[in-house]
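Participant: For reference, the chains in residue letters:
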Amino acid sequence: MTDLLNELGAAHEQQQFGILDEYSKREIRRAILTAVAVPGYQVPFGSREMPVARGWGSGGLQLTLAVISPSDVIKVIDQGDDQGVNAVNLRRLIVQSTKVPETTTASDASIVQSRHRIPEDGLDEQDILILQVPVPEPLRGVERDMRELSRMHAEADYSKMWVSLYEDKVRNGVITQTTGYPCLVNDRYVIATTPIPRWDIPRLDQSPFLTLFGAGREKRIYAVPPYTAVTPLTFEDVPFEVEHTPGASCSQCGSNKTFLVEIPGPTSRWVCSDTDWCERNSGKA
Amino acid sequence: MKPVTAPDWVLKVENLGKVFGNLSTHGIANTGPEVGTSKDSVSGAIVAAWDVSFEVAAGEALGVVGESGSGKSTVMRCIAGDQVATSGAVKIRTTRNEQLDIFSLSAAERRQLRVNKIAVVYQDPAEGLEMNVTAGGNIASPLTAAGWRNFSEIRGRASELLNRTEVPLNRMDDAVKSFSGGMRQRVQLAKAIANRPPIVLFDEPTTGLDASVAAGVLDLIRGLLEEYGLAAVVVSHDFSVIEMLTTRCIVMNHGRVVESALTDQLLEDPHHPYSQKLVSAARA
Amino acid sequence: MTQQIIEQKNVVLEVRDLYKHFFLHTIDSRCVKALNGVSLSVAAGEHVALAGTSGAGKSSLLKSIYRTYKPTNGSVLLRLDPETNVDLVSLTDAELATLRGTKIGYVSQFLRAQPRRSPFDIVMQAGIQRGMDRQTAKDAAAHSLQRLNLDEVLWDVSASMLSGGEKQRVNLAAGTISPPQVLLLDEPVSALDPANRESALELIGTLTSQGVAVLAVFHDIEAMRRLASRIIVLRNGQVDFQGSPTEALSNLEGVAR
Numbered sequence: 027m028t029d030l031l032n033e034l035g036a037a038h039e040q041q042q043f044g045i046l047d048e049y050s051k052r053e054i055r056r057a058i059l060t061a062v063a064v065p066g067y068q069v070p071f072g073s074r075e076m077p078v079a080r081g082w083g084s085g086g087l088q089l090t091l092a093v094i095s096p097s098d099v100i101k102v103i104d105q106g107d108d109q110g111v112n113a114v115n116l117r118r119l120i121v122q123s124t125k126v127p128e129t130t131t132a133s134d135a136s137i138v139q140s141r142h143r144i145p146e147d148g149l150d151e152q153d154i155l156i157l158q159v160p161v162p163e164p165l166r167g168v169e170r171d172m173r174e175l176s177r178m179h180a181e182a183d184y185s186k187m188w189v190s191l192y193e194d195k196v197r198n199g200v201i202t203q204t205t206g207y208p209c210l211v212n213d214r215y216v217i218a219t220t221p222i223p224r225w226d227i228p229r230l231d232q233s234p235f236l237t238l239f240g241a242g243r244e245k246r247i248y249a250v251p252p253y254t255a256v257t258p259l260t261f262e263d264v265p266f267e268v269e270h271t272p273g274a275s276c277s278q279c280g281s282n283k284t285f286l287v288e289i290p291g292p293t294s295r296w297v298c299s300d301t302d303w304c305e306r307n308s309g310k311a
Numbered sequence: 095m096k097p098v099t100a101p102d103w104v105l106k107v108e109n110l111g112k113v114f115g116n117l118s119t120h121g122i123a124n125t126g127p128e129v130g131t132s133k134d135s136v137s138g139a140i141v142a143a144w145d146v147s148f149e150v151a152a153g154e155a156l157g158v159v160g161e162s163g164s165g166k167s168t169v170m171r172c173i174a175g176d177q178v179a180t181s182g183a184v185k186i187r188t189t190r191n192e193q194l195d196i197f198s199l200s201a202a203e204r205r206q207l208r209v210n211k212i213a214v215v216y217q218d219p220a221e222g223l224e225m226n227v228t229a230g231g232n233i234a235s236p237l238t239a240a241g242w243r244n245f246s247e248i249r250g251r252a253s254e255l256l257n258r259t260e261v262p263l264n265r266m267d268d269a270v271k272s273f274s275g276g277m278r279q280r281v282q283l284a285k286a287i288a289n290r291p292p293i294v295l296f297d298e299p300t301t302g303l304d305a306s307v308a309a310g311v312l313d314l315i316r317g318l319l320e321e322y323g324l325a326a327v328v329v330s331h332d333f334s335v336i337e338m339l340t341t342r343c344i345v346m347n348h349g350r351v352v353e354s355a356l357t358d359q360l361l362e363d364p365h366h367p368y369s370q371k372l373v374s375a376a377r378a
Numbered sequence: 004m005t006q007q008i009i010e011q012k013n014v015v016l017e018v019r020d021l022y023k024h025f026f027l028h029t030i031d032s033r034c035v036k037a038l039n040g041v042s043l044s045v046a047a048g049e050h051v052a053l054a055g056t057s058g059a060g061k062s063s064l065l066k067s068i069y070r071t072y073k074p075t076n077g078s079v080l081l082r083l084d085p086e087t088n089v090d091l092v093s094l095t096d097a098e099l100a101t102l103r104g105t106k107i108g109y110v111s112q113f114l115r116a117q118p119r120r121s122p123f124d125i126v127m128q129a130g131i132q133r134g135m136d137r138q139t140a141k142d143a144a145a146h147s148l149q150r151l152n153l154d155e156v157l158w159d160v161s162a163s164m165l166s167g168g169e170k171q172r173v174n175l176a177a178g179t180i181s182p183p184q185v186l187l188l189d190e191p192v193s194a195l196d197p198a199n200r201e202s203a204l205e206l207i208g209t210l211t212s213q214g215v216a217v218l219a220v221f222h223d224i225e226a227m228r229r230l231a232s233r234i235i236v237l238r239n240g241q242v243d244f245q246g247s248p249t250e251a252l253s254n255l256e257g258v259a260r
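Here the protein sequences line up with chains A, B and C, keeping their order. Letter by letter, the first sequence follows residues 27 to 311 of the working numbering. Letter by letter, the second sequence follows residues 95 to 378 of the working numbering. Letter by letter, the third sequence follows residues 4 to 260 of the working numbering.
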């Protein structure tokens with residue numbers, strides 16, 4: 027008994043690696059393991075108080091701090107941009123508390139935390155993509171009752187989702203969801219792919235890297251393991267379309283094959299969302 | 095060997111019982127038509143239905159007649175799975191000609207039956223439909239649950255069904271809450287037969303509708319029964335509905351079956367005192 | 004239960020000691036004795052007419068055979084084929100339902116069929132019930148209605164819009180389409196004018212040549228004399244007399260209803 031107490035005391039005095047204590051990390055890792063074992067299943071976890079407020083990436087941050095080790099290299103982006111305010115703050119927090127090297131080059135990173143976008147390239151096997159998720163429940167728009175939601179996922183009864191896709195197509199001619207498009211993972215669970223845009227969804231399918239989704243406020247973790255099937259929900263005869271503006275190309279690097287965002291101004295100007303990719307390719311254009 | 099054989103049943107109800115509260119032999123003995131109540135004065139338990147048995151074959155419609163409180167709706171809900179029965183068994187014959195005791199299934203499996211084996215048409219369309227969803231969307235629900243994934247095919251089938259139930263196609267994309275009562279009921283019918291279930295339960299399908307509207311819906315139900323060869327259970331207090339749709343029926347009073355007869359025989363030659371009272375009141 | 008057998012080879016319907024008593028619980032539990040031990044038989048191809056004053060039990064007998072009334076006692080044997088007969092009284096409801104409309108037909112005076120059905124539909128459905136396929140039933144329905152002179156204009160209207168006579172002819176057409184083994188007729192021509200009555204009687208007359216066993220109630224003496232090979236007179240729910248038309252009718256006094 028005395029040994030156990032000593033052990034506990036010693037663990038507490040140990041220098042913490044990062045902001046999270048070891049017990050919290052252990053719990054989050056267990057949740058991650060469950061999520062990886064059951065792809066697409068939303069695992070509840072005890073979400074800790076973080077130095078960022080809820081709604082600002084606390085879930086993603088907890089995931090990152092649970093998996094990060096001294097041998098990792100961290101990249102943090104927001105809207106594809108390493109210099110977005112949110113990204114800068116989170117990166118500073120992570121680097122200062124873990125002393126882990128940082129980078130803006132995706133291919134050099136082993137962990138990428140992102141609020142909105144998957145880097146255009148650079149993520150391989152052994153890399154982890156961590157996404158900050160506001161609303162993890164894909165059926166939230168069609169059902170309110172928690173027990174019923176739980177049952178629907180348990181029985182793979184997604185007919186309400188299908189009806190809402192039907193209604194969407196009937197009302198609008200196309201299925202209009204932009205971010206958070208519902209996808210079927212490993213032929214079993216439907217997930218909300220918030221926060222990534224439709225553009226990035228095909229990259230989840232059979233990806234070589236692990237993707238973890240963390241929702242701090244909603245207290246859920248889910249995962250898409252490497253080389254897992256991810257198919258966007260759509261009707262057989264309604265092709266899944268990604269965002270596309272005809273004629274648009276990046277004003278910096280000239281690309282029209284990457285996800286572009288519009289810069290507001292007197293004239294319409296487009297730039298690559300993934301700033302790192304854009305810089306590396308500007309020279310080549 | 096019997097010289098005359100009736101067609102095999104598709105739905106068989108055996109000694110179905112539903113008690114709210116504690117089940118006791120005393121409770122059973124102290125309730126029923128002879129006693130004149132469904133409520134056990136000692137325990138307060140309500141014997142909503144007890145010892146109800148009947149069979150229905152494909153292409154046959156069986157009526158369940160009774161006043162409110164007779165237990166007829168309870169019986170229907172126990173078969174449908176909306177309520178859990180206290181005792182008895184309900185069997186359906188599968189496509190492989192096996193007998194399946196549906197009470198032995200898990201709740202999830204029973205829900206699965208409601209996709210394409212047993213359909214229900216409720217008295218209140220709001221119970222069977224999503225009011226904020228379009229007519230087509232309501233029909234898309236059972237279709238997608240059954241695995242339909244092609245948008246045009248789903249829409250095609252929905253139009254076909256709405257056409258069959260005489261709902262104007264230009265209303266297919268309107269939310270059902272904007273429909274009149276009679277039209278809502280038609281959408282409910284279309285949704286119920288979408289996956290061609292062998293068994294359909296109707297609970298007071300036209301009660302509450304205006305007479306002329308009700309007539310149209312009844313004609314439609316009659317037509318569907320003939321065309322699809324469904325095994326149907328029609329629960330109603332209205333003899334004109336029973337007379338129009340069914341060939342056989344059972345009369346319920348205070349939870350028990352008091353008489354079971356061919357429909358025309360019940361209407362012209364009722365035997366049980368309660369049946370006689372009901373029939374003479376209807377004829378008046 | 005001992006197996007009851009129809010003794011005579013050509014008899015297809017045999018009623019044995021049939022009783023029908025009504026116990027009316029709603030009216031001080033009185034008992035109305037409609038039939039008090041009726042026995043008779045009808046052979047294939049035979050037209051037997053039932054006669055008697057009003058209340059004698061004629062309609063009750065037909066209804067008891069068809070089981071619109073559930074007999075209180077006795078048996079009703081039907082020969083299904085040379086080797087087999089059944090007692091209709093002992094069949095379950097579902098079993099009896101399979102015989103109705105196929106082996107046994109019943110034509111009542113009133114069009115008790117379903118509202119808002121067209122005459123054509125009614126007659127065609129009767130044919131389908133007899134086992135005809137849709138096209139054959141359609142053709143037979145047309146033929147049947149034409150035979151009874153029902154104006155084609157009326158074939159697709161709602162049956163409730165027809166006159167009594169028109170309804171009666173629809174009823175008769177439905178009952179005689181692909182005639183069943185036994186046909187029970189209850190006042191089938193009472194509402195018809197002379198011309199239509201004539202074609203109807205002619206149609207009924209052909210049934211026996213097709214081997215149908217016909218048991219009919221007519222109040223019309225002429226019709227009875229013309230069609231029946233035997234007449235059974237009922238009185239107080241029992242058979243009072245039976246014989247050839249001449250014998251029976253001369254025996255009757257005040258038979259007109």
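Be aware that one or more of the hints could be misleading.
[Unchecked claim] Taking lysine-lysine and the DSBU-like style, the derived pairs with C-alpha atoms no more than 30 Å apart in a straight line are:
id, chain 1, residue 1, chain 2, residue 2
1, B, 271, B, 211
2, B, 371, A, 186
3, C, 36, B, 371
4, C, 106, B, 371
5, A, 195, B, 211
6, C, 12, B, 96
7, B, 96, C, 141
8, B, 106, C, 36
9, A, 245, A, 186
10, C, 106, C, 73
11, B, 271, A, 186
Please keep in mind that the hints were generated in silico from the structure rather than gathered at the bench.
Participant: None of the hints should be skipped; say for each whether it holds.
Facilitator: The hints, checked one at a time:
no.: 1; hint: 271(B) with 211(B); verdict: holds (27 Å)
no.: 2; hint: 371(B) with 186(A); verdict: violated (47 Å)
no.: 3; hint: 36(C) with 371(B); verdict: holds (20 Å)
no.: 4; hint: 106(C) with 371(B); verdict: violated (33 Å)
no.: 5; hint: 195(A) with 211(B); verdict: holds (29 Å)
no.: 6; hint: 12(C) with 96(B); verdict: holds (21 Å)
no.: 7; hint: 96(B) with 141(C); verdict: violated (33 Å)
no.: 8; hint: 106(B) with 36(C); verdict: violated (37 Å)
no.: 9; hint: 245(A) with 186(A); verdict: holds (24 Å)
no.: 10; hint: 106(C) with 73(C); verdict: holds (18 Å)
no.: 11; hint: 271(B) with 186(A); verdict: holds (18 Å)
Hints 2, 4, 7, 8 from the list above are not met by this structure, while the remaining hints are.
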